[in-house]
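Using the sequences and the hints given, assemble the complete structure.
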Amino acid sequence: MTIEKVEDRTAASSDKAAAAGAGSRDIRARRGLLLSKNVAFRRKLFSWSSRSLLLLITATSASAVMFIFFYVVKEAIPFFLQRGFAEFFLSTRWYPSREPPEFGALAIFFGSAMVSLGAALFAVPVGVAAAVCLSDILPFKARQAVKPAIEILAAVPSVAYGFFALVVFAPLLQESGGKILAACALLFFVPIAVLSAIAIGGMAASRLSRENAGVWRWIIASVIAAAGLAAAWRISASISGVQISSGTNAMNVSLILGIMALPTVISVSEDALQAVGRELREASYALGATRAETIIRVVIPAAASGILAAALMGLMRAVGETMVVWMASGNSAKIPSPFYNYLEPVRTLTATIAGDMGEADHTTGSARYHVLFAMAACLLAISLTCNAVSELIARRARRKMAGE
Amino acid sequence: MRIETRKLLDKSFSGAGWISVFLMVAALAIILLPIAWRGAGAFVFRATVEHRRMMLELFGVGDPAEVSAETAAAAEARRPIYDMLARFRAELSAMPVADRRRMAGRLAQLENALRDLLGPLPGDPIPVLPRQRYGQTRWDRALKKLETVLFRETWDYSDPTRMGRKVMVPRAEDFKGTSLEPFFADVKMRVADMLRPKLAFYWRFLTDESRDSHFFGGIWPEMLGTIYLTIGAAMFAVPMGIISAVYLTEYAGDDRLTGALRTFIGALAGVPSIVFGLFGLAFFINTMKVSQSKSVLAGSLTLALLILPTIIRASEEAIRAVPAAYKEAALSLGAGKGRTIITVVLPAAMPGILTGIIISMGRAAGETAPIIFTAAVSVGDPLSLLETLSQPTPALPWNVYNMCTEHQKLDELRHVQFGMVLVLVMVVLALNVAAIWLRARISRKLKG
Amino acid sequence: MGSSISLLGMECRGCAQELPAEIRPRISARDFSVYYGSIAAVKRVAFDMPDGLITAIIGPSGCGKSTFLRSINRMNDLIPRCSVSGSLTFDGHEIYGPDIDVIALRQRIGMVFQKPNPFPKSIFDNVAYGPRLQGVRDRSKLAEIVERSLARAALWDEVKDRLHDNALGLSGGQQQRLCIARSLAVEPDVLLMDEPTSALDPRATAKIEELMLELRGTYTIVIVTHNMQQAARVSDLTAFLYEGELIEFDRTGTLFSRPKCKKTEDYITGRFG
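Residue numbers (our numbering), protein chains in the order written: chain A, -10 to 393; chain B, 154 to 601; chain C, 108 to 380.
Where hints are given, some of them may not hold.
Taking lysine to aspartate or glutamate and the DMTMM-like style, the derived pairs with C-alpha atoms no more than 20 Å apart in a straight line are [said to hold, decoys possible]: (1) A/33 / B/559; (2) B/160 / A/271; (3) B/341 / B/269.
Keep in mind the hints are simulated off the structure, nothing from the lab.
Structure follows, in structure tokens:
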């Protein structure tokens, strides 16, 4: 099987000569196969050092977050040393410029929580429904048309949203807020009333009697629908009398923040829905389920953790948003009364930092300066925790998908 | 449940999905349309002769002969009402004292309203502030001001159970029986002659400097500031981002260290933007002292951190998408690893990387919170390149905020505010559209 | 020549050519194994690939033939957890020796891949890539190399008017010949071909095969193929690998007409694989 070996023909020794006379053979002017110790060492050193340099730069980018955490916490500590924890977290009296100053940030925490929750209440249902629509319902062409809209929604700068909230939306709310609310309530409750009437009617009829089921169904459904519609009308009529004293309030901000969080919620939950895969859907369709049943019973439960992560990320976006809340929340450091009253102005952590730093800047080192870093530290802690949790959820989901 | 019910519910479920998508698109339209419509008003509007005079005197734009002819014509149209005022002043001195005092007060109010509308009255000293040197430059504002000339605003508190009601009293009634009574009808009728509105396309809104804190002129300092900040941020973030992505995709092993690096970069993406601003203040300015106080440099560095994770992620994805075949081909031709990356992998990944860079530049251009404490001021001149190292700058996002919340005459300058927002949104959207286009091109190319 | 080709009792071009009297091995494997992790993909193979001839490696898919080929110019280095044992020499140098210059090695041992993989650059830049790596900057010299390489790859006439068009615009067969030209531009001693025609249509395949026969003599060619007719048509020597082991290695004519092993016979008669 072997063929006898002939003498070594490597050009190692003649390389230099070839390199010198490079004119004759352009390419033959090349290195030998063997590396001299020197060259090997140099090359190894070079590759090692370039690799280390890359690692160093990467580590620098990655350590930015540590730096941020470190500096924010470092500047926050003097505040807690001076004033302790109790006042900051438990008091609602925020008078940083009084003499003596008071730094009770509870109302501000509450305001942040309130607008973020409001934003999530809007963004999560709408976002998840839109994601379902995008991944399972819309035809391909329509999806291609909607995708850029989502990207634009995500790209519009926050200050533009804030400007809209302050200059366009707030006056509108102040002038005809009651009517807007009433219209929204009507739009929200009427479909629900009709749908639940149909569903309950159908179920009740099939329980009641075999014969005449069709007739029963219509009777029950129309009774329930009439009752529901009447209730919806009453609700909206009572709402339409509401006077909104200030257009810059928690509801305004929540709605705008909700719109801003939509792209995040939609894209993350759409990814989760896509990851469920065709097989599961087809299995359900094969058993005679409708599309809605397939999605609600099979797809959404399978994608639940991804959707949860999406909700969390949307919430995080709302918590960390500055400009909209600064411009349009009214910036009043009080807990609204009653506490669920979304029509009152509130103040959030981010807006307080943005607004007060201008004044506190000159007094570097004072409690008034450091309290803002304390807030930033809390903000950072919240968002890093949210980040970690959503990461964890996503990772768990991925592992689950890969094979339980 | 019966099959019909199930089908109906299925349909309504689809309907709910459609409604959500519609809601989203509608929200986008509702937010963008007023901005686009009213923002366009900063560029295209009916400009009065005052506008043309102002442009000539403050910016040196326009034909001097034409403008002076027009000014003369306008002055001719105004003369009768100024004469009327002079006649009334003479009449005033002949009145009984009580009447005189009452009428003098009303006259002063009227004269102020008229100054707002048409500029200084004959005989007034030339005001210091440019905004008082000219009458209304925009016809839409002029019509509003005309109202204040014709009507006096008072509040009716006669019903103690209700809030006060705004009442517009015609000034003609105030001056009933005097020689000034026909004044108002005359002003109302001939205001167009006095101001001579013409359609103007004011493209120089983008490139003119502002005069008298945005009363006149354009938004060039803000534009320039935003350009500086965006390019500055990209300058710092792009090399670091691409290098990090190369390391993470091509060099990093699958070990703890790599995992930690990835986690940290992911966490950086989750930091609220205002915290970046605080960090920029505490680190770049107070600790590193890259500049005495706020500066473009400090702002760019802060924004660079903000967009770093986006760039890293986009670059990683783009590099991963480069077919392994390219790498193998280069290696089999005797290229080393570094050479392969530089000559084959990065060029092939470049469109994808560029997409990420463009998107994150759009983000940097629109972010406000990080530059509040590190770079932005409300009023400032356009900076030279060298000054960016030490000077703060106005910037579009910050000045949008500032103009609509802190400007002393914010109600009168809505057109500037809307114009600024429109420009900002257009800049950001243009960058994003460029990115979308680029990505579409790539996917077309990959499909062949 | 040009006679019809049948598998058994064949009268094919490759074996019709007389082998030179003296055969010098360019690459030799001895006890050579390749492992992915702990799994051996190539098991203790030993044979020589002689200078200036075409050696074909055949075998059913998954038999380790590509792995073996890729280990000749150390492309397997890219795959993590891939290791080798035994001896594989090129011109007497241990390819996996500690002092080998991998980059120089790959310049000497070029490779053509299963799917044509031109860079998304112009035709010219594709061919000039290798010379540029070695520091040839002179435009006219590059042009000369590009023309020579393209001509040797029988592509020059087809592309000479559009050298600066994107290479991805070429047809599959042209792309593959471009890849060959790109390899030739580095002036390698050995050309490794990893199923170079499996992604091509029959006409493009014929062209490539023709090209290989033209390159025979100047270059040492090692070709991996699952197409037995191809091996029979073009190669001088054929190695049959099965499950990582070398079953038989012989002159192509001998192997196809009088296989010594039962397994070889079963494979070439199409009983499996």
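For this structure, which hints from the list above don't hold up? Those not satisfied come down to hint 1.
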